[in-house]
Structure formats: structure tokens, C-alpha cells
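Construct all of the structure, not just a fragment, from the sequences and the given hints.
Residues per chain, in single letters:
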Amino acid sequence: MKSSSLAKKKRTSVLSHVILLLFSISALAPLSLVLLNSFKNQTEIIRNPLSWPKALNISNYVDAWHAANFSTGFINSILLTGTTIVIVLIASGLAGYVLAGKKIKATQAVTIYFMVAMTIPIQLFLFPLYFVLAKFNLIGNIYAVSFILAAVNMPLATFLMRTFFMNIPTELEESARIDGASTFNLITKIMFPLVRPGLITVSIIVGISVWNEFLITSTFLQGQENFTATLGFLSLNNTYNTNQGLMMAASVLMIAPLIVFFLVVQKYFIEGLVSGSVKG
Amino acid sequence: MRNTVNYFLISPALLISILIVFIPGLLTVIVAFTDWNGVSTTPNFVGIQNFNELFVDGIFWKALLNNAKWTLMFVTVPIVIGLLTAMMLLKRKKSKSAYQLIFLFPYILAPTTNAILWLNIIFNPVSGVIGYLKEIGIPIESPLSSVNTALYAVASVDIWHYWGFLTVIYLAALRQTPAEQIEAAYLEGCNGWQIFRYVYFPSIRPTFNIMFVMIIIFSFLTFDYVYLLTGGGPSHSTEMLSTYAYTFAFSAFQVGKAAAIALFMSFFGLLASCLYIWMSRNDLKN
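If you read the protein sequences in the order shown, they are chains A and B.
Going by UniProt numbering, the residue at position 4 of the first sequence is 4; the numbering climbs one at a time, nothing skipped.
Going by UniProt numbering, the residue at position 171 of the second sequence is 171; the numbering climbs one at a time, nothing skipped.
Keep in mind that the hints were calculated from the coordinates and are not lab data.
Backbone N, C-alpha and C fix where the C-beta goes; we use that ideal spot for every residue, glycine too.
Take the hints with a grain of salt, since some may be wrong.
Said to hold, decoys possible - Taking CB as the label site, the calculated pair distances span:
#: 1; chain 1: B; residue 1: 183; chain 2: A; residue 2: 237; range: 53 to 59 angstroms
#: 2; chain 1: A; residue 1: 260; chain 2: B; residue 2: 181; range: 57 to 63 angstroms
#: 3; chain 1: A; residue 1: 135; chain 2: B; residue 2: 202; range: 36 to 42 angstroms
#: 4; chain 1: A; residue 1: 63; chain 2: B; residue 2: 58; range: 41 to 47 angstroms
#: 5; chain 1: B; residue 1: 8; chain 2: A; residue 2: 134; range: 28 to 34 angstroms
#: 6; chain 1: B; residue 1: 8; chain 2: A; residue 2: 57; range: 39 to 45 angstroms
#: 7; chain 1: A; residue 1: 167; chain 2: B; residue 2: 133; range: 35 to 41 angstroms
#: 8; chain 1: A; residue 1: 275; chain 2: B; residue 2: 139; range: 45 to 51 angstroms
#: 9; chain 1: A; residue 1: 185; chain 2: B; residue 2: 181; range: 45 to 51 angstroms
#: 10; chain 1: B; residue 1: 77; chain 2: A; residue 2: 256; range: 25 to 31 angstroms
#: 11; chain 1: B; residue 1: 68; chain 2: A; residue 2: 137; range: 39 to 45 angstroms
#: 12; chain 1: B; residue 1: 4; chain 2: A; residue 2: 63; range: 58 to 64 angstroms
#: 13; chain 1: B; residue 1: 8; chain 2: A; residue 2: 256; range: 51 to 57 angstroms
In C-alpha cells:
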């Protein structure tokens, strides 16, 4: 009796391993195909996209880098992402601090406002915003777009920061007050250093979402010289759709830095995802 | 005094949001009742004409239906995969984190990258896997080019990139289940399904509900993968409210109509939010 239930347990365990492996393969297979084909030329790919490359030919990478204008694109992406992160950290950090302590009468109203703002469609404010920015000649302005992306990411960032501030014991703030700390000193010298993990988490969550953003950047960042890496990469698809090796090399250039970054910051990233969604 | 300072501290976040989201959002509500083309400084109020035109527009209904189908697919397939994989990972002490990372790879990549790589290496009828299968004699066409399959093909790519996120969320929630309850259930002789149904699932219910509602809301907003993979085609078979609104605004310059569609999308989001409140009220009663 006991041994049969053990055997059954073992079978379930093997089965679950097989299923987990299958799902891993489904996640990785398309990405592996990209890597394989990035070293091949068009004829090789047409003959068999599943075959191993004959040689590690990196000419596709050189061509892709120039064709997608990645030297400009990556700089723009870094500028856009960096500016947005700075705006979001300052604004959502301060807002999170105020909301966590229920320091204003309007706490509930502001919370509800941000909850609604988090779920409304971008299309609800995109069109008037576009034509207003066009009027002020701000289409293609990376800093203007940073503010838009900051606004889009603000609700989630504020809620995350609020959670991190709520974990700080209130006695700490009270005793600093008694010691005569000004609000400015309290925030910059005591509170912000204490929520550093929160600031890192928010930077990473917002950073990846801005780096990958499509709808807003493609609408507002017109003109090749203003393209982010993502938009430069996208512009290849129209011109080079008969040069798959180049497209795949460009894809690797898009994928690899992100995967490496993700592996480095995984702990913070996963913590950010989870504390934004898991309700206790 | 302290109060003023606190309002000052919250003002950057509020101001940015109000200037960029709230006021343009209000403008959209107004614009929905005009014939604004995006440039004119004197748009005319046309009452509910935009809405009337949408109601007799077959493509609008088609888009709405596609959004509904999309929602149905997303509240089933990724949720089932997410729960299944999360339950399986729960018992993996060593390999859990490695699996989580792999499952998240597609999720952290840009929609543009994911869409382009599927378009090229999988769906391309000449140089993709589809082309290769055709070459070796399997009669197969790119599912993106047929009106019957395009929607499912686009949804598959989006689900492929999304489900790993749910696995991570569900796993984190499952791990908070009190150990005594699980042990007690084992002692009672519950099987795996019963333990899930009566111990784990009630424990993750709040997280499950919030994700469920979020999925519904975002199914009505879905844009990136559809726009990048098919642009709403072939012959509107993958048209969504979001892509249809975008086309009205930036190709036809009928911003009034685009705004009317955007209002519709927001309305469904609002419905889903009410659904969430209704769901949590039932929880509170128990």
C-alpha cells in the first residue's frame, strides 16, 4: 500500500518535471531560433531555419548595428529611460511617503484617483496630448516623452513606494521629529535611505517598461534621430524583411542586454512584480 | 504647516498625472462629441453623431467581439498554465528559481522584439518555420494571413509572452498558504486536486481575483501585439477597439470618433473594476 503510493508520488513528480520542461522549451525555443539564425545568410535560413549555423559569422551583427542606427538608438533609449526613472523616483517616492502615513486628508481620494489612472486606456488621453504636443513642437522631444511615460508609470510606482514606506516603523519618524529633524532632512537623510530597496525595485520595474515601451514612444518620438533602440529595430522590418539573418542579429542585440540585465536584477524585479499584484 | 508640506510633497506626482492623464482624458470626453480632426481650432459639436456612426459600423462591432474573444482566451489559457506551473514549482526546492527565470524571459522582452521575431522566424512563409514546413511538404499557411486563424495566432504570441508573469505571481501567493492547513489536508487524505481546490485556491483567492480583473481590463486595452503583428488585418479580422481608435486618429484624422472608441474602452475597464468590488464584497461576507 505504502510503496504503491510512493511509486505514484514518483510518477507525478516525473510527469510534473516533463511538463515544466516542455513549458521551458516553449519559452526558449523561439529565442534559440533567433540566436541560431543570426549567424546565417538568407539562403541558409530559407533552406532550413532549424539547422545549426555553418560558421559563427558575425557580419549580420555589424550590418544590423548600422542599419538600425543602434549607436543613436541605445543612447536615446538610455536618455529616455534614465530621465523617466529620475522623474518617477522623486515624484512617486514623495507621494508614497505621504500616502503611507495617511498624512493628508485627501489620502483616500488620491489613492482612488491613482487606482483609476492605472487602469484607464492610454488611448483615453493619447489623442489630445498628441495634438497639443504637436502644437508646441514637442514631437520627437525625448524629455517631453519622459514626462508622459512617467505619468503612465506613476500610479504603480506610487503604490509600490507606499508599500515600502509602510514597512518602516512609525516610531522612527517620530523620534527623528522629536530630535528636531526638518521634513527635508527627515526625508533625504532618514526615509529615502531606508526605502532604498524600494527605490531600486521601482527603478527596475519602470526602467524595463520604459525601455520596452511601444505605443507612446512610436507615437511621439518621430524622426529617425529621435528613435529609441526599439524604434530603430522596428524600422528594419520594413526594409530588411528579405534579410532574415540581419533581422535576427538585430533581435539578439535587443534581447541579449535585456536578459543579462534581468538576470542581474532578478531579485528586485520579481519582488516588484509580486508586491504590485499579490494581495495578502 | 505640516499639512501644507505634505500636500507640497505629493504635488509632483499628482501634477504630472493630472496634466498628462486627467486633463487630456477630460478633453477626450469632450472631443468624442465633436468632429475634431486634430488640427482645426474650431471643431463643431456634433452631439452623439460619432456614437451613432459607430453603432452602425460593422467593423466597430467586429472589434468589440474580438476584444470579447480575446478576454475569453486570456482568462482561460494563461490562467490555467500559470496555476498549473505554479503548483508544480511549489514542490521544486532547487529548480524553482531557474524555472521562474526562464518563464519570465519572454515577459521581460519588448513587445516589438517578440512580435518581430515571431513574424520572421516562425510565421514567415519563405524563411520562417512555416516556410520550412511547407518546403518539406506539409500543407500549411501562415496563420496570420487567414481571417479564420489570425486572431488566435496573435493571441498565442501574446499569451506566449504573458503566462510566465502569472506563474510568478501565483507562486508567490501560493507560498503564503499556511503550512498547518496543508498538513492537515494531507492527514485527512486529500488528493492533489482537493488540496488545491480547498486549501491553496481559497488562500490565493484575493490575488487570483485581482489578476482576473486586471486581465479583463487589459484585454479591452490590448494593442501592442495586435498592431505589430497584423495591424488589425487581414480584412479587420484582428481589429481591436484600441487599433481601430488609433487608425481613426492617426490615419483618418477623425479624432472625434477615435475619442468615442476610447470612451468605450474606458467604460469596459470601469465595468471590470465594479466586478472586482462585487467579487471582494462576496469575500467579505464569508
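Tested hints:
no., hint, in the structure
1, B:183 x A:237: 53 to 59 angstroms, "55 angstroms, holds"
2, A:260 x B:181: 57 to 63 angstroms, "40 angstroms, violated"
3, A:135 x B:202: 36 to 42 angstroms, "54 angstroms, violated"
4, A:63 x B:58: 41 to 47 angstroms, "45 angstroms, holds"
5, B:8 x A:134: 28 to 34 angstroms, "33 angstroms, holds"
6, B:8 x A:57: 39 to 45 angstroms, "59 angstroms, violated"
7, A:167 x B:133: 35 to 41 angstroms, "53 angstroms, violated"
8, A:275 x B:139: 45 to 51 angstroms, "49 angstroms, holds"
9, A:185 x B:181: 45 to 51 angstroms, "47 angstroms, holds"
10, B:77 x A:256: 25 to 31 angstroms, "29 angstroms, holds"
11, B:68 x A:137: 39 to 45 angstroms, "41 angstroms, holds"
12, B:4 x A:63: 58 to 64 angstroms, "59 angstroms, holds"
13, B:8 x A:256: 51 to 57 angstroms, "44 angstroms, violated"
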